[in-house]
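S.K.: Same order as they appear, the protein sequences are chains A and B. Under the working numbering, the first residue of the first sequence carries the number 345, and numbering increases by one thereafter. Under the working numbering, the first residue of the second sequence carries the number 345, and numbering increases by one thereafter.
Hints are computed from structural coordinates only; laboratory data are not their basis. There's no promise every hint is true.
What the hints assert, rightly or not - Each pair of labels, with its calculated beta carbon distance range:
1. B:Thr393 with A:Ala405: 39 to 49 angstroms
2. A:Tyr473 with B:Gly474: 50 to 60 angstroms
3. A:Gly374 with B:Val460: 17 to 27 angstroms
4. B:Arg464 with A:Tyr473: 39 to 49 angstroms
5. A:Gly457 with B:His371: 15 to 25 angstroms
6. A:Asp359 with B:Asp427: 10 to 20 angstroms
7. B:Val460 with A:Met345: 14 to 24 angstroms
8. A:Ser400 with B:Thr416: 35 to 45 angstroms
9. B:Ala468 with A:Ala466: 43 to 53 angstroms
10. A:Ile462 with B:Thr416: 17 to 27 angstroms
11. B:Gly362 with A:Glu471: 29 to 39 angstroms
12. B:Arg408 with A:Ser400: 32 to 42 angstroms
For each residue, glycine too, the CB sits at the ideal point set by N, CA and C.
There are 2 protein chains.
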Amino acid sequence: MTEGFTALVAELRFDQHGLVAALAQQHDTGEALMLAWMNRQALEETLRTGMVHYWSRSRDALWRKGESSGQTQRLVELRVDCDGDALLLLVDQHGVACHTGRRSCFFRAWRGGTLVEIARPAVAPAELYGEKE
Amino acid sequence: MTEGFTALVAELRFDQHGLVAALAQQHDTGEALMLAWMNRQALEETLRTGMVHYWSRSRDALWRKGESSGQTQRLVELRVDCDGDALLLLVDQHGVACHTGRRSCFFRAWRGGTLVEIARPAVAPAELYGEKE
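Put together the whole structure using the sequences plus the hints.
M.R.: Below, the structure is given as structure tokens:
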């Protein structure tokens, strides 16, 4: 671990579970892809490998984005917000970010007093996860 | 409260504090502005008024963005992610989103193994908050 990384971690305000929110955004189009969570280990692995890792709250485990689905995220730039409790990940998303097979997890919009789907799956979930789905 | 709103709330997974993460993005440029938190009341006021409200975790209070600083956010569209624990707010940001006077709260980037400031304040914080700063 470098001195720089230690200084970076010191700027972050991890919550009581040791997590910060991380928003992944496609670096060249600005598309908001997904929001997930990172702990210190996920951040370290992301910076070390250049591939985005999160902490899965449901599985309580380190999770390299795309490890099951192949839909990886290459880190282009990491940004930190003013109070250190959120990260912005500028990424190059390979394929789709959402486990539903859609490019973005934010595929439902509030329009006319109701929630409507504004994007269809680009890939079938069964294709992403095979037998596991 | 409309039936639609009740249905919307039913799609959300509020955390143990009754909050969901909300990412504000400038609707026409895609710029990621800030990450904050909403509870049911903040969401309801946002949809009712068309101006973004958050829940301040530090003050434990409803907070209309810009109520002190004048730097308001007009809601253009609300989006919900696949598992209902994050909101994407497409907004029209009046002035600057960050309390430091910068357009975006994500003004620090990890470059060359160190955290560097990539944006300067557009407005002095003292101008935003007057005597309160």
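S.K.: Take a look at whether the Cβ-Cβ distance between aspartate 359 of chain A and aspartate 427 of chain B falls inside 10 to 20 angstroms.
M.R.: holds (18 angstroms)
S.K.: Could one say that the CB atoms of valine 460 of chain B and methionine 345 of chain A fall in the range 14 to 24 angstroms?
M.R.: This hint holds: roughly 19 angstroms between Cβ atoms.
S.K.: Are isoleucine 462 of chain A and threonine 416 of chain B spaced within 17 to 27 angstroms by their CB atoms?
M.R.: Once the Cβ atoms are compared, 25 angstroms apart, the range 17 to 27 angstroms for threonine 416 of chain B and isoleucine 462 of chain A holds.
S.K.: Is the distance from the Cβ of glycine 362 of chain B to the Cβ of glutamate 471 of chain A consistent with 29 to 39 angstroms?
M.R.: Given a distance of about 37 angstroms, which is inside 29 to 39 angstroms, the answer is holds.
S.K.: Range hint 50 to 60 angstroms: satisfied by the CB atoms of tyrosine 473 of chain A and glycine 474 of chain B?
M.R.: Taking Cβ atoms as reference, tyrosine 473 of chain A and glycine 474 of chain B lie about 54 angstroms apart, which means the hint holds.
S.K.: Do the Cβ positions of glycine 457 of chain A and histidine 371 of chain B conform to the proposed distance bound of 15 to 25 angstroms?
M.R.: holds (20 angstroms)
S.K.: Just tell me: holds or violated, for the beta carbon distance of arginine 464 of chain B and tyrosine 473 of chain A against 39 to 49 angstroms?
M.R.: holds (45 angstroms)
S.K.: Between serine 400 of chain A and threonine 416 of chain B, is the Cβ distance one that fits in 35 to 45 angstroms?
M.R.: With a Cβ separation near 36 angstroms, serine 400 of chain A and threonine 416 of chain B satisfy 35 to 45 angstroms, so the hint holds.
S.K.: Could you say whether the range 17 to 27 angstroms given as a hint is met by the Cβ separation of glycine 374 of chain A and valine 460 of chain B?
M.R.: holds (21 angstroms)
S.K.: Taking 43 to 53 angstroms as the hint, is the beta-carbon distance of alanine 468 of chain B and alanine 466 of chain A inside that range?
M.R.: holds (46 angstroms)
S.K.: Hint says 32 to 42 angstroms; check whether the CB-CB distance for arginine 408 of chain B and serine 400 of chain A agrees.
M.R.: Since the Cβ atoms of arginine 408 of chain B and serine 400 of chain A sit about 34 angstroms apart, the hinted range of 32 to 42 angstroms holds.
S.K.: If you check the beta carbons of threonine 393 of chain B and alanine 405 of chain A, does the distance land in 39 to 49 angstroms?
M.R.: holds (41 angstroms)
Checked against the numbered hints above, the structure violates none of them.
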